[in-house]
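Visitor: As they're listed, the protein sequences go chains R and S. Here my numbering is used: position 210 in the first sequence is 210, and no number is missing along the way. Here my numbering is used: position 52 in the second sequence is 52, and no number is missing along the way.
Honestly, the hints are just simulated from the structure, not real lab data. Just so it is clear, the structure is predicted and the values come from calculations on it, not from any experiment. Treat the hints with care, as some may be off.
[Stated by the list, open to error] With a straight-line cut-off of 20 Å between C-alpha atoms, the simulated SDA-like cross-links for lysine to any residue are:
#1 R/LYS77 - S/SER177
#2 R/LYS77 - S/GLY175
#3 S/LYS382 - S/LEU236
#4 R/LYS77 - S/GLU309
[Claimed, not checked] Ranges of calculated distance between the beta carbons of each label pair, as one might list FRET restraints:
#5 S/GLU331 - R/LYS206: 42 to 50 Å
#6 S/GLU17 - R/PRO146: 16 to 24 Å
#7 S/PRO51 - R/ALA199: 41 to 49 Å
#8 S/GLY407 - R/PRO146: 42 to 50 Å
#9 R/ASP249 - S/THR173: 19 to 27 Å
#10 R/LYS253 - S/ASP160: 39 to 47 Å
Beta carbons: idealized from backbone N, C-alpha and C, even for Gly.
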Amino acid sequence: MNYTASRLDKCFAALKDENRAGLGIFVTAGDPDAETSLAIMKALPGAGADMIEFGMPFSDPMADGPSVQASSQRSLKAGGSMVKTLAQLRAFREDDKTTPVVLMGYYNPIYIYGVERFLTDAIEAGADGLIVVDLPPEEDEELCLPAVKRNLPFVRLATPTTDDARLPTVLTNTSGFLYYVSIAGVTGTAEVPIDMVTAALARLRKHTDIPIGVGFGIKTKEQAAAVGTVADACIVGSAVVDAIRDSLDGSGKATGKTVGAVTALVSDLAAGVRNARS
Amino acid sequence: MASSTPALNSFRNGPDENGHFGIFGGRYVAETLMPLVLEVEKAYLTAKGDPDFWAEMEYYRKHYIGRPSALYFAPRLTEHFGGGKLYFKRDELNHTGAHKINNVMGQALLAKRMGRTKIIAETGAGQHGVATATACALFGMECEVFMGAEDVKRQKPNVDRMRLLGAKVVPVTSGSSTLKDAMNEALRYWVSKAETHFYIIGTAAGPHPYPAMVRDFQSIIGEEVRWQLEEAEGKLPDVLVACIGGGSNAIGLFHPFLDDESVEIFGVEAAGHGIDSGEHAASLTGGNPGVLHGNRTYLLQDDDGQITEAHSISAGLDYPGIGPEHSWLHESGRVKYVSATDTDALKAFALCSKLEGIIPALEPSHALAYVGTMIGDLAKDKIVVMNLCGRGDKDLDAVIPRLEEMGEL
Numbered sequence: 001m002n003y004t005a006s007r008l009d010k011c012f013a014a015l016k017d018e019n020r021a022g023l024g025i026f027v028t029a030g031d032p033d034a035e036t037s038l039a040i041m042k043a044l045p046g047a048g049a050d051m052i053e054f055g056m057p058f059s060d061p062m063a064d065g066p067s068v069q070a071s072s073q074r075s076l077k078a079g080g081s082m083v084k085t086l087a088q089l090r091a092f093r094e095d096d097k098t099t100p101v102v103l104m105g106y107y108n109p110i111y112i113y114g115v116e117r118f119l120t121d122a123i124e125a126g127a128d129g130l131i132v133v134d135l136p137p138e139e140d141e142e143l144c145l146p147a148v149k150r151n152l153p154f155v156r157l158a159t160p161t162t163d164d165a166r167l168p169t170v171l172t173n174t175s176g177f178l179y180y181v182s183i184a185g186v187t188g189t190a191e192v193p194i195d196m197v198t199a200a201l202a203r204l205r206k207h208t209d210i211p212i213g214v215g216f217g218i219k220t221k222e223q224a225a226a227v228g229t230v231a232d233a234c235i236v237g238s239a240v241v242d243a244i245r246d247s248l249d250g251s252g253k254a255t256g257k258t259v260g261a262v263t264a265l266v267s268d269l270a271a272g273v274r275n276a277r278s
Numbered sequence: 001m002a003s004s005t006p007a008l009n010s011f012r013n014g015p016d017e018n019g020h021f022g023i024f025g026g027r028y029v030a031e032t033l034m035p036l037v038l039e040v041e042k043a044y045l046t047a048k049g050d051p052d053f054w055a056e057m058e059y060y061r062k063h064y065i066g067r068p069s070a071l072y073f074a075p076r077l078t079e080h081f082g083g084g085k086l087y088f089k090r091d092e093l094n095h096t097g098a099h100k101i102n103n104v105m106g107q108a109l110l111a112k113r114m115g116r117t118k119i120i121a122e123t124g125a126g127q128h129g130v131a132t133a134t135a136c137a138l139f140g141m142e143c144e145v146f147m148g149a150e151d152v153k154r155q156k157p158n159v160d161r162m163r164l165l166g167a168k169v170v171p172v173t174s175g176s177s178t179l180k181d182a183m184n185e186a187l188r189y190w191v192s193k194a195e196t197h198f199y200i201i202g203t204a205a206g207p208h209p210y211p212a213m214v215r216d217f218q219s220i221i222g223e224e225v226r227w228q229l230e231e232a233e234g235k236l237p238d239v240l241v242a243c244i245g246g247g248s249n250a251i252g253l254f255h256p257f258l259d260d261e262s263v264e265i266f267g268v269e270a271a272g273h274g275i276d277s278g279e280h281a282a283s284l285t286g287g288n289p290g291v292l293h294g295n296r297t298y299l300l301q302d303d304d305g306q307i308t309e310a311h312s313i314s315a316g317l318d319y320p321g322i323g324p325e326h327s328w329l330h331e332s333g334r335v336k337y338v339s340a341t342d343t344d345a346l347k348a349f350a351l352c353s354k355l356e357g358i359i360p361a362l363e364p365s366h367a368l369a370y371v372g373t374m375i376g377d378l379a380k381d382k383i384v385v386m387n388l389c390g391r392g393d394k395d396l397d398a399v400i401p402r403l404e405e406m407g408e409l
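Isolated chain R (complex conformation) (with noise of 0.2 Å):
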């Protein structure tokens, strides 16, 4: 199965008919539960989430600061899995045939879920692209050129310790657009550095026209509107599980609080990129 549906192209398109940036949401796939989650994701459109980075939870996010890593704790705890990723997927398109969702997390679970199955039941689930943190191209025969060869976008990471040498490898086969990394460090550590990103992203233009994302760093509804003025669009995730996570009760369970905490802090995400370049 080849996948045919080009959500994320359209979604860059609109975006630049609209001239903003768009708002990309991280949550990650079981948390804090299969229910909640669902409940979440469906309601992430509707708040102003232009596209879902939809984590696929792992035991040792390596590339993950705190705030993602008990993320994927909780969904871990709720039995999450690859197989309950995909089905959550898929019961969100659904009812949603247009936002771009992509898969993120690290190879070891598509590994072990085995790479064509993967791609094949992604690409039924209703996925958009792939962001595997640590599949750096030198390791592009395991799961991006499969990915590619089904004309499923593999998104890349660019990180400020890409230099211009080494800018050139990362954007062969990268599609849909790039992610570039705000800082070197790990998710939801610093403060998005602004005019880093500016001057990153005016070297980044010069090697490709390819969308480019930016993301690890932002939390605030100024930084999006900030980021936004540059960037084709802006992702958020810590500050999202961390929503979450506040919302939570003692024992760690969902409350009626947990969505709502969600969308409030998305739709102030989305105002921020909406008014970022008028």
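Given the structure of chain R, go ahead and fit chain S onto it with the hints provided.
Guide: Just chain S, lined up with the frame of chain R:
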């Protein structure tokens, strides 16, 4: 200097230029780290071909570590087992009391050549942390050691040694608060300090070039055994035995002998409460291939690819993975991988202390436990060389109550 160039059909050619040993190894790290990993590789390849680098290594090996370590015939254990002759490679006599310093010295000298003066390391039992803190004191480098919060409590003497040596010990509370999490946290920290810090990985695992580089620095163990046994017995060993957590002491002993067909080689994993109990640290015996900490290798994991907890009484073997070259040697059949339980290791710990006057670390006690199961069946002229890779003083708090319980003390 590393050994001579191996032949084409050799077990000693790996890894390839991308760091693969067959399907194992590789560079599965975040993009932020890739430029640095490539820089380390380039610097290492240059150093490896530079006689000045090896001359400097040789100086510190001789005058600081105390190499060559003795190759010692163990007469009373040999008599006790009643079969082949048992030799110990005495790497517990190295400065800091284990083989870890062999590798640390190499990586610290490399960091120095690269102009890095800030060092990070992960540690489980604390032996690698102590060795790293030691080298950093020697070279005047800043040192931060990541250690699981559980291990910080269990291994207080080593924590104090590191502090005394000027290192900062960073307790890690994420995940299960043990070695695996310490390595995660060290990698996370490195991502944020990639421009300034050098990460001294403690075992023959992690992204390329670490598995190959650590092996090269530890291969001095096997290279010495070759000439020492030639002097003592005029022949090659018949059997080599070493314990395996990540597997750096084992690959150091094995690698120089991989192409000597007559030499049988055994790696001993930690079976904890027994492989069937599910509470063990035997990645090859009880795990399957996966990707963690920058390399593909055998891992303890569930059906969903989530990494599971390892268990061993020996904190140094308590890791859910193994160096990728061992995974490859396992699948190729060149090395046989076996296991020994906590109880087996404790008995060997007591036996070695009583019969040879050597208190071994819990890690090589696993190797000795396996030696005890097979050496009795060997002819009297057969020679077994076991790597006694660490001293046991650090383990007394954990071991003594258990031996009393078992009636061994």
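Visitor: Checked against the structure, which of the hints given earlier come out wrong?
Guide: 8
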